[in-house]
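When we follow the numbering used here, the leftmost residue of the sequence shown carries the number 14, and every step to the right adds one.
Because the hints were derived from the structure by calculation, they are not lab data.
There could be a bad hint or two in this list.
[Claimed, not checked] Straight line, CA to CA, 27 Å or less: simulated DSSO-like cross-link-like pairs of lysine-lysine: (1) K82 - K130; (2) K78 - K103; (3) K20 - K86; (4) K119 - K78; (5) K82 - K103; (6) K20 - K82; (7) K127 - K74; (8) K127 - K106; (9) K82 - K165; (10) K165 - K126; (11) K165 - K133.
In this text the structure is predicted, and so the values were computed from the model without any measurement.
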Amino acid sequence: MFETMDKSLRYTFYGIIAIFLSLFVATYYTLRIAFEGHEGVVRTDYYEIGLNYNKYLQDQKALVKEGYKFDSKLNERSFLRLGNNPIEIKFYKNDTLLSDSSVVIKLERRATKKFDKTLKLQIDQDGNHRGEIDINSTGQWILTLMGTHDGKTLQESYNIDVMN
14 MFETMDKSLR YTFYGIIAIF LSLFVATYYT LRIAFEGHEG VVRTDYYEIG
64 LNYNKYLQDQ KALVKEGYKF DSKLNERSFL RLGNNPIEIK FYKNDTLLSD
114 SSVVIKLERR ATKKFDKTLK LQIDQDGNHR GEIDINSTGQ WILTLMGTHD
164 GKTLQESYNI DVMN
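Kindly generate the complete structure, drawing on both the sequences and the hints.
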């Protein structure tokens, strides 16, 4: 194809062709990864927490020292199913169930608000917070529990896998 060209110019054109082919391969590979959904899960308030990260950590540690805690079956290894999932959360302070508190669940998919869901749990006569959260797609989600009592908010976040 380039036989009539000088040897150095011919090698230059072969190099340019190789670079363009590698660019096409890299673009194909990048698009394949992007469309397979390998985007990591990031909380939507990531930047706000990051700006005040030390204060956020101190506030949460202070609440834990005061005895605030959640009791639920949710943890880092939890699996939820597609569709309605019943949720029961107990919110304690010093091992006393808080019946005058509120618990909100925030379910986030990615760094956009398109897939986010927020559910305020209803409190029953026993002091348990109950509700059902509807999940419409599989994959990784961030589930954040936010319990509020006396103007203080305890937050716990879990990476949850949603299965069929």
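Cross-check of the supplied hints:
1. For the hint linking K82 to K130, the alpha-carbon distance of about 23 Å falls within 27 Å, and the restraint holds.
2. Of the pairs offered as hints, the one joining K78 and K103 holds, with about 18 Å between alpha carbons and a cut-off of 27 Å not exceeded.
3. Annotation: proposed proximity of K20 to K86 is violated, straight-line Cα distance about 71 Å (limit 27 Å).
4. For the hint linking K119 to K78, the alpha-carbon distance of about 24 Å falls within 27 Å, and the restraint holds.
5. In summary, the hint linking K82 to K103 is supported, as the alpha carbons are separated by about 8 Å, within the 27 Å threshold.
6. With a C-alpha separation of about 74 Å, the suggested pair K20 and K82 falls outside the 27 Å cut-off, and the hint is violated.
7. Restraint check for K127 and K74: the C-alpha separation of about 31 Å exceeds 27 Å, so the hint is violated.
8. Proximity of K127 to K106 is assessed by CA-CA distance (about 34 Å); at most 27 Å being required, the pair is judged violated.
9. Proximity of K82 to K165 is assessed by CA-CA distance (about 12 Å); at most 27 Å being required, the pair is judged to hold.
10. Between the alpha carbons of K165 and K126 the distance comes to roughly 25 Å, so the proposed pair stays at or under 27 Å and holds.
11. Restraint check for K165 and K133: the C-alpha separation of about 16 Å stays at or below 27 Å, so the hint holds.
Against the hints set out earlier in the document, violations occur for numbers 3, 6, 7, 8.
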